[in-house]
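Engineer: In case you want the letters, here they are:
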Amino acid sequence: MSDTHPDTDDVTGGRPDARADICAGAVFVAFGAGFAIGALRYDLGTALNMGPGYLPLLLGATLAVLGLAIAGQGLVRLRVGGDEATEEPDAGPREEPGPVPWVPGALLVAAILVFGFTVRGLGLALALFAATFLAALAGPRTSPIKALVIAAGLTVLCLVIFVLLLQLRLPLLGEWLGG
Amino acid sequence: MDLSGLALGLETALQPENVLVCLLGVTLGTAVGVLPGIGPTATVALLLPITFNFDPIASLIMLAGIYYGAQYGGSTTAILLNLPGESSAAVTALDGHQMARQGRAGPALATAALGSFFAGTVATVLVALFAPPLASAALKFGPAEYFSLVVLGLVISIALASGSIIKALAMIVLGLLLGTVGQDLASGVPRFTFGIRELDGGLDFVSIAVALFGLAEIIRNLEHRDRDGSIVTTKVDHLWLSREERRQVRGPVLRGTAVGSALGVLPGGGHVLAAFSSYSLEKRLSKEPKRFGRGAIEGVAAPESANNAAAQTSFIPLLTLGLPPHPVMALLVGAFIIQGIVPGPNVIDEEPELFWGLIASFWVGNLMLVLLNLPLIGIWVRLLAVPYDILFPAIIAFASIGCFSLGLNPWDVFVIAIAGAIGYFLIRWGCEPVPLLLGFVLGPLLEENLRRAMIISRGDPSVFLTKPISATLLTLALLALLASVLPAVRRKREAVFIEED
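Sequence lines, in order, name chains A and B.
Residue numbers are given in the working numbering: position 118 of the first sequence equals residue 118, and the series is strictly consecutive.
Every number in the working numbering is 179 more than the matching position in the second sequence, counting from 1.
If you're looking for bench data, these hints aren't it; they were derived computationally from the structure.
It is possible that some hints are incorrect.
[As the list claims (entries may be wrong)] In silico lysine to any residue, SDA-like type, Cα no more than 20 Å apart, as pairs: (1) A/Lys146 x B/Pro566; (2) B/Lys646 x B/Phe233; (3) A/Lys146 x B/Val565; (4) B/Lys646 x A/Lys146; (5) A/Lys146 x B/Leu570; (6) A/Lys146 x B/Asp568.
[Stated by the list, open to error] Taking beta-carbon pairs under 7 Å as the criterion, some of the chain A residues facing chain B (in silico): (7) Leu48; (8) Pro104; (9) Ala135; (10) Leu148; (11) Ala152.
[To be verified] Output of the computed footprint for chain A on chain B, the stretches with three or more beta carbons under 8 Å from beta carbons of chain A: (12) 185-191; (13) 346-359; (14) 634-648.
The beta-carbon is built from N, C-alpha and C at its ideal position, and this holds for glycine as well.
Here chain B stands alone, though its shape is the one from the complex (with noise of 0.2 Å):
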């Protein structure tokens, strides 16, 4: 392991300037993602303008902490008021709700924050362990093997897709073909941009996922007039766990981490499958399964350390392939590019302060989050009780600015209404938004990569079938799509998804 690589990290995620913005981050991405109804993925496209005011090195650190800060928040919705602000949230609601309905709200938040620190620390390790090999294995990619890494994690986000596969797989290609307007890259031509020079740079992928995660979200909040959440407790004491909780949550945290740290790297949704799995896992080896869904704390420590391990490992094929495989990460991306920073395995040996400043910046975030939720739960709670009438203007204010601060460029805005209109009837009629999140910002690199492919290979698309490393992805796509239609897997993964409801 390379140790003083780690070290200069620290170095450089301790300067207090450092320490100082990934504190904001971590207070700001609990304080939004704590208001009921907004997700770490709204949290993070919400306050992406705010970071822009920093160098690029304190900036990530910031978005990184924004991005721990606002899945801590969420789990501390989901539990406190049974709203849970993402899909992996879910899980923890289950018997997280329970337990703070049982006056046991402060060993489920303790739990969750001590499950994911634990958690958090073991996937940095393995983050700085795995990806420095990983980078300079990806430097010696070209074109073909670039495209095929794409497909790869395009198919897999679809094998991770909780609803209809062919659904999320029209939802990538809407995605793709929505990535491919503005200026083509190589001709210089302007494409479906209906003559509006605004258009030339293309979407905005804040605008897109604000609109699909903010917009889309309200609406469909609103077709429930009446289900406002209550609180249960607004009185949290006992944040700490008894010798016999202690014990209870061991098994839980170790095994979570694990699953977590291997299905985070997988794209669209690994950290939901993670947060998923390991409670069936903990259920299935458990004494007593019927304890589960009741308050058992097994069940909010294991989701909540496979959901954390699942966010740190996320990073690795961000940092070493450019490839985010979850539509934070995919936030990311563009906070790296609007930096001047074209994530990718190059990253590691041009910007090492920055790769390991941010590793290392995971970490101090993940302890930040211990320090600072625990001792300051009785605020947090106060902001749950904002009620969802002020709420949801807040969110449309806060994506207006946001989106129209990024290039001052009213078509950043009005894409948000547009896209967030035709988001809500998709989202409604069963298409997922994460797809066509990562089919848009993976677009362009396909289809560059793609062309540049066959003008190496003199327009010969057998390429990508005769060299190796291509075509062990392209195989691997192929072996994904197919064992996501069998018939048995198909069973078994809808199981997964609606074991719990």
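So here's chain A without its partners, still in its complex pose (with noise of 0.2 Å):
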């Protein structure tokens, strides 16, 4: 949890991945292009007085310009740069993140999202189960069963912290579930 990490690409002050510049700045341009586009749907208004959608689309245009910069900054640097800055991120001298974990990644954002679908509906005990399941799976050595235990283990835990003694008013059967 840092905010700025010793091993970020940029830190470390040596030349920072060109391709990095380039998502990044793809990812600015399609929120600043979106934003801005969606803001034209509401009220304008003008300089004096400003209707929900002025400062929206300033700013929105605004990151949009700056993703483009970002991007072209990042297309210089691999044109400059030549085959040393296009090599795979993975290659470089410094200590470099490594690849994506896309498997573990996804299984934490779906735990999550499980978790918000099915709170209401099931409630507290069993959308925490569900969740702390697919969670702890993301473990690189956690087995199956080693992470239903783990689920059991957080689940009663949490049950314990937050409904018996933090009297957190949440419902322990869900809806679908008639409690």
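Combine the two chains into a complex, taking the hints into account.
Structural biologist: Laid out in structure tokens, this is it:
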């Protein structure tokens, strides 16, 4: 949980990965354009009396421009840096981030989504069990059986902490189960 | 100095129930903060829902306690495990972990605790001295001044960001845009909600913070499958300093406190910069700079003091201007608002008990840290042994329950998943999460004051330059931006952050 990771691409002062610039730039362009186009549906108003769309349009356009600049920076680096800069990010001399952990990452995202979708319907206990099971599966050395054990343990622990000790008013059994 | 205020504060903070919640906060904060891979921001975000069971004063005191506990817990992890929970603790890890390897974990932890306590005490007095006059000055601020102040804050946070400046700028703008999601305050029109009623209230800040500092960080940690922290020592003894060591740390603690107090008020990375710069300062002043990185006790004392002093003085902009200089402060803004208090210059007059009670509880919290952590170190060390395979599902569970319980709104949970996934890739591609969070929190403030100022000035944007305070603030912002882009400063700035790698 760090704001500035010592091993983040740019921090070490070496050449930042050109591909990272292009990807980040593309995300910013997409968000900027999305917000700007979305803002057009709202009343823009005038500078004197700004409507709900005024600032989002302005900021969205700004973000898109910034994104283009970042991506452009990456493209320039790609051309100037030649072969060196186009290397796979994993091949650099510094401590590079490992490959994207697609499966574990997807499991974690799925775990949270499952919790959100089922917590009202199934209630806290079952939603929590499903979510922690999926999340535990993301562990590199965790077998499904071990994940079940972890999920059961964490579910009990969380119920004790949040329901028993903190008395949060969360439904233990959800609507779908008549709770 | 207004002693009556501080007396009122101590009276409030020392009420048994407030001492108790402070103790609870410090304990919980340390317990969660000591877990490897969970930094202060994630700790506060995860524990935030717990505090809402208490009345406003108690809940904010508890949050402050959690924050200090989390910071100290993070230092413990950094020293014993070389796994800093956040970047400011990364500096502590440099020499602290070396000390632990040499069997001097006790003195390292004692230095961290005592240095932090000293720095915290001094910085508490500074907050008490400087907050009231600043608050009364801020009362004269109109919308134009507030707008310029927010701009200045955002620009400084870019200047302090450690990576690419243009990416930090883009992250701020993205944060500002995400802050516009939800019902527009002036017109009541729901913006960017895709017709989902649950989003009318906007994206929840806790969800975004948990997404970026919890989920995204876990995925980042899973990049390195085999990197497991190994505890160098589970036996920590000699939790005190020899006379020689006391002599060695005196200067670094004093200088670290001064550096940290000054830099803590800066938005963005003030506390990170404080830890880094106090470390390089000591290295430069030292007669034997080679000892640094090999277990020099000064290298623990200085950044720990700076870090804690900065943690304290970062409350000044929050309490006087309502501006959070740090993601944790932004979480506190959320907590204030949920308790029905608008943080800003009015708090000191309208809620003197809360204002002074909070300040006094800083000191009480710091005292408790020393009393609690040194004797209980054995328990914290055992917590370090929790394997990551169990830890991260627990974080996912805590994050989901916490965010859901805030408003019983499943969308607050979905936002974690979506923002966490996008945030992971942006962080991987060299964008920092802190500017985004600051933009997100300050966005509504920026928009509201911009609109108001423009209505007052009848649509004339020159108002920001003709009002003297606003013009000064904008000039400062411009200077900060220029300074951070200038090649010479840029190199130096990079040097500050890479020197210790």
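Engineer: What are the numbers of the hints the structure violates, in ascending order?
Structural biologist: Violated: hints 2, 4, 10, 11, 12.
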